[in-house]
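There are 2 protein chains.
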Amino acid sequence: MKKRNITIAFLGLSFGVLSAQSLKSPDGKFEMNFKLENGVPYYSLSYEGNPVLEPSKLGFEVFKKSTYNYKDISNQESLNLSSGFVKIDEKRDSKNEDWQPVLGEKKFYKNHYNELAITLNQKEQNKNIVVKFRLFNDGLGFRYEFPQQENLNYFIIKEELTEFDFPMDMKAWWLAGDYDTQEYVYQTSNVSEIPAKWAAAVEDNVSQSPIKNGVQTPLMLKREGKKPLYINLAEAAVIDYPASNLDVSAKDYKFTIHLTPDAQGAKGYVQTSAVTPWRTIIASPKAEEVLASKMLFNLNEPTKYKDTSWIKPTKYMGVWWEMIIGKSQWAYSTADNVKIGETDFTKLTPNGKHAANNEKVKNYIDFASKHGFDALLIEGWNIGWEDWFGKSKEFVFDFVTPYPDFDIKMLNDYAHKKGIRLMMHHETSGAATNYERWADEAFKLMNKYGYTAVKSGYVGNIIPRGEHHYSQWMINHYNRIAEKAANYKIMVNSHESVRPSGLNRTYPNWVAAEAARGTEYEVFGGNPPEHQTILPFTRFMGGPMDYTPGIFQTKMNYYFPNDTRFVKTTLAKQLGLYVVMYSPLQMAADLPENYEKHLEAFQFIKDVAVDWDDTKILAAEPGDYIHTARKAKGKEEWFVGGITDENARDFVVDLSFLDKGRKYEATIYEDGKDADYVNNPQSYHIYKKVVTSKSKIPVKMVRSGGYAISIKPVK
Amino acid sequence: MKKRNITIAFLGLSFGVLSAQSLKSPDGKFEMNFKLENGVPYYSLSYEGNPVLEPSKLGFEVFKKSTYNYKDISNQESLNLSSGFVKIDEKRDSKNEDWQPVLGEKKFYKNHYNELAITLNQKEQNKNIVVKFRLFNDGLGFRYEFPQQENLNYFIIKEELTEFDFPMDMKAWWLAGDYDTQEYVYQTSNVSEIPAKWAAAVEDNVSQSPIKNGVQTPLMLKREGKKPLYINLAEAAVIDYPASNLDVSAKDYKFTIHLTPDAQGAKGYVQTSAVTPWRTIIASPKAEEVLASKMLFNLNEPTKYKDTSWIKPTKYMGVWWEMIIGKSQWAYSTADNVKIGETDFTKLTPNGKHAANNEKVKNYIDFASKHGFDALLIEGWNIGWEDWFGKSKEFVFDFVTPYPDFDIKMLNDYAHKKGIRLMMHHETSGAATNYERWADEAFKLMNKYGYTAVKSGYVGNIIPRGEHHYSQWMINHYNRIAEKAANYKIMVNSHESVRPSGLNRTYPNWVAAEAARGTEYEVFGGNPPEHQTILPFTRFMGGPMDYTPGIFQTKMNYYFPNDTRFVKTTLAKQLGLYVVMYSPLQMAADLPENYEKHLEAFQFIKDVAVDWDDTKILAAEPGDYIHTARKAKGKEEWFVGGITDENARDFVVDLSFLDKGRKYEATIYEDGKDADYVNNPQSYHIYKKVVTSKSKIPVKMVRSGGYAISIKPVK
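Just so you know, the protein sequences line up as chains A and B, in that order.
Counting in full-length UniProt numbering, the first sequence runs from 1 upward without gaps.
Counting in full-length UniProt numbering, the second sequence runs from 1 upward without gaps.
Just chain A, same shape as in the assembly:
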């Protein structure tokens, strides 16, 4: 227990706690307490009687004026909305509903909570704010609400002051805080060690604005000891508000919200009535329960879309990996300075490495069609790639003009005849203003040729210049594009966009996002073997990730002599990722030629579902391993996947989740006995077995290995 808190307790005795309210979770295990202490609001949280969070401050600092035209407003006069409060109202509510996600991990998501809304009045300014708490069986969500009122119509946030004050040191799986990138490697350390380890956690990125000693949300924590507790700090429903990082006070294990500033250093423009995103603390003695939590989705609003029938699970391939590894190029020509609307691309000298050409795309279509895929992504189809990056170039793409060797009509017609949809690609180069100008035309083009999904990208510094990937303006941009795409019945898969906060409940066409270090980083610097065992506890908490698994040829010296780059997993682990990492949009990212060589293993990728009626987290420990079983949407088929970190592990898959009495055929794809992610990644072993709910399947995972199992009823 920290000394400071003893002092506060003493003050509480002498000056009096003016107000205190308690809220319990439906199962009674969680208790949230709210109090005003000398006018300052605090909340705390306990689980089974033990403190999860000590009294932690709530509130804001806001700027005095509601508009500025300076480059930097951080020194401007501000007002506090963090003290001098009295409680003037208190409302309680509860809900217990099952709702059906359009695409999801289960048929129904349970939304069960008790709610407490406390209205606070700040006398001096006569301003009312509401703090609304929802206590679920898996933890706490709370947000601030700003009712429209005479003295609170418009304001600019200088900082949100919300604290998460933990009673003791914990293990943390963290990403260095940043306003512009989430593509760092996860660090594992105690909270108290974060400042010492922070600098080394900041790797170079094409757009980055590191927050010294800060960490990103979602943050995964574990209180170790006899009664371990897994804790996840995140946020839900980030709408018209910047995304949050966390400042770390290492010596007293306290985190404080650190919002992403805009070009002027402001942290949110608010017009009442308004609400903030939900701050979430998911906690459980079982890591599996944290992974299973749907709290972030429950805290989002149901979609307003009337028709969602066009939102479909999608398994896709792409003309992509060959550019990522450097075998071919996005750009068509040898030029390095082109101007959209001025340059005649037919007159440029082709570089001979342009992948998005008619012949190659047709070959990919043939392969994807033959193997039953839904879609094929083609990157580099549109003019502008010659100088697309790092030039602060606003009019970098028009999103409607194909390169001379990409016949958009012919290729879409060809694909459709073969049962394949082409997937559009909209790289913005961070120039969001330019993308907004073209979005309608771009989506109309998609409708015209029958594209139903778009992968968008935000590589590089943002335009409007000075804005950040996670500032309020960009948050609004991503949400605006999702909504606009829906008007055209287009699904969105955004890359380098903000980490999801459960918004695909509201925008179910925003089917996936990248927003973390994906498979491409295997060749950009490498993902450590534990990487994929942390992602589901962090990045995936708010929504599906387009991780782009499925790399069978993990060694780059296959393509380029002496190339030391390699994907740091076994082939079997790549298969396991399809189950462990939930996304209704899943890629088979490798080249057709590599799948041709391993068609037996490829069969799992062809078989695995991407939309589910049920999910069981069989076992999980962040940074170590995850074992997941899922039941395919509308079918009696189950798929199981497991992955491990740099340590080899054995596991026994208990099939008790299967229907009792039914017989199934299981196909097991596991690491070969001699498999090794460094020396022999392509060694795998596939076998079949008849199983029932009483069966147990033992699996051995080599270091950075994994396995996948498909289970189908015997007819």
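Do not take every clue at face value.
For chains that are exact copies, the list does not tell them apart, and a pair is met inside one copy or across any two.
Below 30 angstroms or equal to it, Euclidean Cα-Cα: the simulated DSS-like pairs (lysine-lysine) are [said to hold, decoys possible]:
#, residue 1, residue 2
1, K91, K339
2, K339, K64
3, K91, K347
4, K286, K339
5, K370, K418
6, K306, K339
7, K106, K448
Everything labelled a hint here was simulated from the structure, so no lab data went into it.
Quantities reported herein were computed from a predicted structural model and do not represent experimental measurements.
Given the coordinates of chain A, assemble chain B onto it according to the supplied hints.
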């Protein structure tokens, strides 16, 4: 002569002038000299052998990187593009053409110049830049050109270093420099006095970013003495580049370009090949010749529009002045917090002062139609005015939804039946990103209902936040909107936009702009009597201004007891403004009821042309008086207007510009003998007279008075 220059001359002797080129104007009166002195480029200018500009430096400071994501990049590493040059090429050219403006002051504009283009190579970085000079009979224009080359593809300007180094002190008519407003009062002082008088020249404005000791372009100067010389410093063709102010070095009478920074402090993102705006020095011993200069238009590119038949001169009235003076309101309701797309405006409580209502608009249409106007502007027609200003609110208007009491279809139908076009109003509140999102929908709505012109506005701080009204991003915005409007055959009249730089040659549908202190300031704080005698020498040099003259009821105590606000002119001066201030879009800004009381004087406003075949500046002195005669487009009619400052003046209008031998009837509208802009502004005298080219009409202008004459052939 300044001491410093003597030193430079000495250095020149000792180290040698490496290169020197001379260029003469077609009439031989101007001579421009270019030299490299120790690798530093200088230009100088003389008129009839006397120096206008001493050797003045050229060049740039550019940032080392081509993209940043910081709030403030001003301290980032930079490179110089201002020294270390050698001349590697020199090209000469000349042109003598007459071209026809779509709308203009004359049927043809003469574009006659000698050109010298010097290519400089900076050895160290192996970069080439070109300085292109065009010497006209009315002065010098020059710009920088950046050819596309291996070592110069993309760069960010830290500052343009162009100097204007004058040999002696001069009288200056100047506006305080600012990144966000041009709505200051003109100051008159010697250049050497500017710093001492600068602070007092900065008045409060709703959006302002004053540049300490800076002044704005266009800047009017006069070298006094036995051989006076009138000099105008301005810029032409501001495209994809920030607008410029001038830093003043008062002790040595030197001005240096000070570009408007963007949100990050950058002063222009350049992708080669690229050119800067033209820097212009118009000079003449006669003030009238400066006013008559068309150099800024000559230095712009001809329009690419194939059809310009839809661009028409427009005389209009407006539901506007009654809001400006406070008699009625833009907003419909008593609410002060509304949300577009959420608020149901039909449920709000009307404030009872909403001017843009069906009944009132119909009355205005009736009056405008009866008196032969082309158009009627209606402000406050669309939802959002309740909280439109000062809130940094991005989604402030949708530009397509009328208030409940404005029947857009009925009113347009009604207007069209009466031969009137309604003029659209798009106030953006500075939220340019929002306007760009809505522009297509907004223009489609205009096409649907038959609007052919839009008045746009940019009141308040800019969004993208941190950008300025005159930064590169906003320059691109204004130009983009002009071009987009042309796609819909819509004429644009932009307010609070950047001062024009002759761009209506290229975008002839951008028929007018405000971009200075217009008539509205008569009730916002007042325009001094000399104001309108300075504007044509400054603001109007680059294009028409929608000054909105025609106020007959100049005293606000007519509307509100004890209101001391008043328009600081006589009624006759208001008439004179229609000729003195060229705009093909001219407003009769006062209320119909005020014109009803002075129909005889109103006749001049009804008669006066707004598009011209010829223009003669009869006499002019900045800050004192202007007398202008213009010949109506396609007619034998002439109109003369004169205005004076705070001093009463006599003038004799020499009609020798009329066709010889032809008889005309002149109608003279002059100040009454007892007229006085403070005490008796509505006293005027109208009489008719038959005149010929030999006639002379004496006029007496009282203080801040004026006159107008219409001259029609006797049939």
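Here's how the hints hold up against the structure:
Taking the shortest alpha-carbon separations for K91 and K339, only the inter-copy value of 27 angstroms comes in at or below 30 angstroms, while the best intra-copy value is 59 angstroms. Taking the closest pair of Cα atoms, K339 and K64 come within 30 angstroms of each other only across two copies (22 angstroms); inside a single copy the shortest separation is 44 angstroms, beyond that limit. In this homomeric assembly, K91 and K347 come within 30 angstroms of each other (Cα to Cα) only across copies, at 28 angstroms, whereas the closest approach inside a single copy is 69 angstroms. Taking the closest pair of Cα atoms, K286 and K339 never come within 30 angstroms of each other, the shortest separation being 55 angstroms inside a single copy and 45 angstroms across copies.
Taking the shortest alpha-carbon separations for K370 and K418, only the intra-copy value of 8 angstroms comes in at or below 30 angstroms, while the best inter-copy value is 68 angstroms. Proximity of K306 to K339 under the C-alpha cut-off of 30 angstroms is restricted to the inter-copy arrangement: shortest distance 23 angstroms between copies versus 41 angstroms within a copy. In the homo-oligomer, the alpha carbons of K106 and K448 never lie at most 30 angstroms apart, since the shortest distance is 34 angstroms inside one protomer and 49 angstroms across protomers.
In the structure shown, a violation is registered for the earlier hints numbered 4 and 7, in ascending order.
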